[in-house]
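Participant: Heads up: the sequence lines are chains Z and H, in that order. If you're matching positions, the first sequence starts at 1 in the UniProt record's numbering and goes up one per residue. If you're matching positions, the second sequence starts at 1 in the UniProt record's numbering and goes up one per residue.
Simulated from the structure, these hints should not be mistaken for lab results. This one's a predicted model, so the numbers in the text were calculated from it and none came from an experiment. Do not rely on the hints blindly, as some may be mistaken.
Same chains, same label: a pair holds when it works inside one copy or across any pair of copies.
Said to hold, decoys possible - With a straight-line Cα cutoff of 30 Å, these simulated DSSO-like cross-link-like pairs (lysine-lysine) come out:
1. K19 <-> K278
2. K19 <-> K38
3. K344 <-> K226
There are 2 protein chains.
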Amino acid sequence: MNEHGLSEREVFSYLENAKSEDTDYYRVLSSMCTHPHKIAVEAHRLFIEANLGDLGLFAGAHRLEQEVVRMLGELLHAPSIDFPSRDSCKSSVCGYLTTGGTESNIQAVRGMKNLVTSGRKGLKKGLKGTPNIVIPESAHFSFDKVADMMGIEVRRASLDSEFRVNLASVEKLINANSIGLVGIAGNTEFGQIDPIDKLSEIALENELFLHVDAAFGGFVIPFLEKPQPFDFKVPGVTSIAIDPHKMGLSTIPSGALLFRSPSFLDSLKVNTPYLTTKSQFTLTGTRSGASAAATCAVMKYLGNEGYRKNVQYCMQLTSKMVEGARKIGFEPLIEPVMNVIALKVPNSDLVREQLLNRFGWNVSITRTPRTLRLVLMPHNRPEDIELFLQDLKKVTAEI
Amino acid sequence: MNEHGLSEREVFSYLENAKSEDTDYYRVLSSMCTHPHKIAVEAHRLFIEANLGDLGLFAGAHRLEQEVVRMLGELLHAPSIDFPSRDSCKSSVCGYLTTGGTESNIQAVRGMKNLVTSGRKGLKKGLKGTPNIVIPESAHFSFDKVADMMGIEVRRASLDSEFRVNLASVEKLINANSIGLVGIAGNTEFGQIDPIDKLSEIALENELFLHVDAAFGGFVIPFLEKPQPFDFKVPGVTSIAIDPHKMGLSTIPSGALLFRSPSFLDSLKVNTPYLTTKSQFTLTGTRSGASAAATCAVMKYLGNEGYRKNVQYCMQLTSKMVEGARKIGFEPLIEPVMNVIALKVPNSDLVREQLLNRFGWNVSITRTPRTLRLVLMPHNRPEDIELFLQDLKKVTAEI
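Start from the sequences, fold in the hints, and give me the full structure.
Facilitator: Now the structure itself:
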């Protein structure tokens, strides 16, 4: 750090220079994030100093957080809980706003572990060793962090031919030390939705928790023409991760974690002396009230109708992309379920590289099999699809 | 969520209403956060959509993050490392921007655990059971989260008469399964600084890691008239947590974690398919580039000189408060080391309650012993100190 500070002008010239190196989402087909809605950005600014880590000081921002949790609960059919005097959960729905899917997934698994080890969840048999969870092979890499941190074994079930979790594989991996299952509602690579209703049956039968990672799908699936069951309507689902900073069009960091029962939040509590509240169940301490306000604002502004239009738009782009790709000879790995396409293209790694280096398109690659992964987001436009397909045709013809 | 959205005007009227319930830091003497600097707020707005979880797309925001890490490294005397081709650490200093002190503390301990269990850190004796860390009793409650999550035993050393960690107690708690020590540079309750140089000797002698939690003190201690040793200048210190969103005057969420050696970051890595980078060592996935820009901006704008003035101002308020308290008969528990006062007042819990209910002052209480805890921040003004002391006199006289 310099001894003397720079002038405001010097600082902003430095920042603008860096800003010019950022991608502006033009020609980005690889990201599950997008431009936040302008209402979200304004609301974020209004609450820029609010700290949800100190609820007593920021009662207004906290009320916005609770309102978001309530609205998300409505969206995801969370059961309404009547607990007026409860410190942790003043809303009728149980949950809180996280920094994103990773924190939500970590906390969901931490809750499972704490409920089991504290004896608050009755398991058929007592644990005889390291507790484990069974997740699909397609689960996001945040579960590698869970595995690394939490002293929990993470068992990976194989996928079926449609890239949903293989139920027989899940059942085979469950043993006396299993505490929970994870299903993905909109997996990162294929946009596929695991059979949550079937996972629920397995979970209930084996007295296991079932966490649904709907970080991406949570703001997509409810607005599809034929939504698949994935939320609290499915009886075995005990927690859901949903990210407003992805298809919810809010600002970063905006994740959310909802629980079916308040015992989960209770299991995450640590005491908090020297704060205006007595305990804290969140992973982080100081938390952005600005993001809570941003999410509240955009959800109220768009309503179900606005999000439905947003999803319709992305699905139209998706259809257009698939149709165009078929015309130049490339098939999707599966018929897209949401706005993610895994496109079978020869030499996909090389194609990816050349699309970027020659034409500035950011795309990514699925792991197994290696296909071109395209996420169609609100920042993409129909004319971009046509340009992309032209460039894809050129690149693949010349490889 | 409503079927139809609200108008922009309705949304903002709803938000403004909530905003009016938030405390504006006027009469807040209990928080370690404050108004972010206006330069930070503007920079945050400029980078509102930047996602540091996808570095390839946001190369500019990433450069700002690396510049912040470099500047923090300079401030904290981090050794310069030459590793030009390294993916994880392009800066000459090793670290990254976190969501705050809690994530930094969690990741520091996770790094210790991973380095030990992977055999990359030679311990005198092999681990024979659950690894443990030794922390001061005065450590922040984030270490309760570490204990709860990480499958690590957290052993708490007692404090000496000055509320620094008792070195004999630390030594007594170290055993064959100990992997690291934690020292606090500016603890939350007393603003006290543990004897980091002595902890360093113990750490080196026992081949243990030493993490310094300077979440609050990191932007205070270097700017005090007589700074105590607490940073990488002390040879045994292996990692430091420092929070720009506290006395660094940046926006939420802005924490930072610095390591002496790149092996720490390497030990935290998980693979990241379908991103523009190959691996990720951060706790969260999607990360706020806005906060990185905000921190970079305010550090460049203020420079050492600006932060020194900020600390001088807070220390002057602290002296004024202590002098005034003495005049009405109340002594501080220890002579304040930084801008935190633990004031010995009879019936402190009742006094706290009445200060809030009758006069709107937010103060907090230390645990053992129970004293009135006052944090003097940039948002406080000299005239507020006088008003507070008048109100304190009234309240204590009438109890």
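Participant: Checking an output row: K19 and K278, CA cutoff 30 Å. Within, between, both or neither?
Facilitator: Answer is between; shortest inter-copy Cα gap is 23 Å, intra-copy 42 Å.
Participant: Is it within, between, both or neither when you check K344 against K226 at 30 Å Cα-Cα?
Facilitator: Close inside one copy (25 Å), not across copies (65 Å); limit 30 Å.
Participant: Please sort K19 with K38 into within, between, both or neither, judging by C-alpha distance up to 30 Å.
Facilitator: This pair counts as both: shortest intra-copy Cα distance 19 Å, inter-copy 19 Å.
Violated hints are absent here; each numbered hint is respected by the structure.
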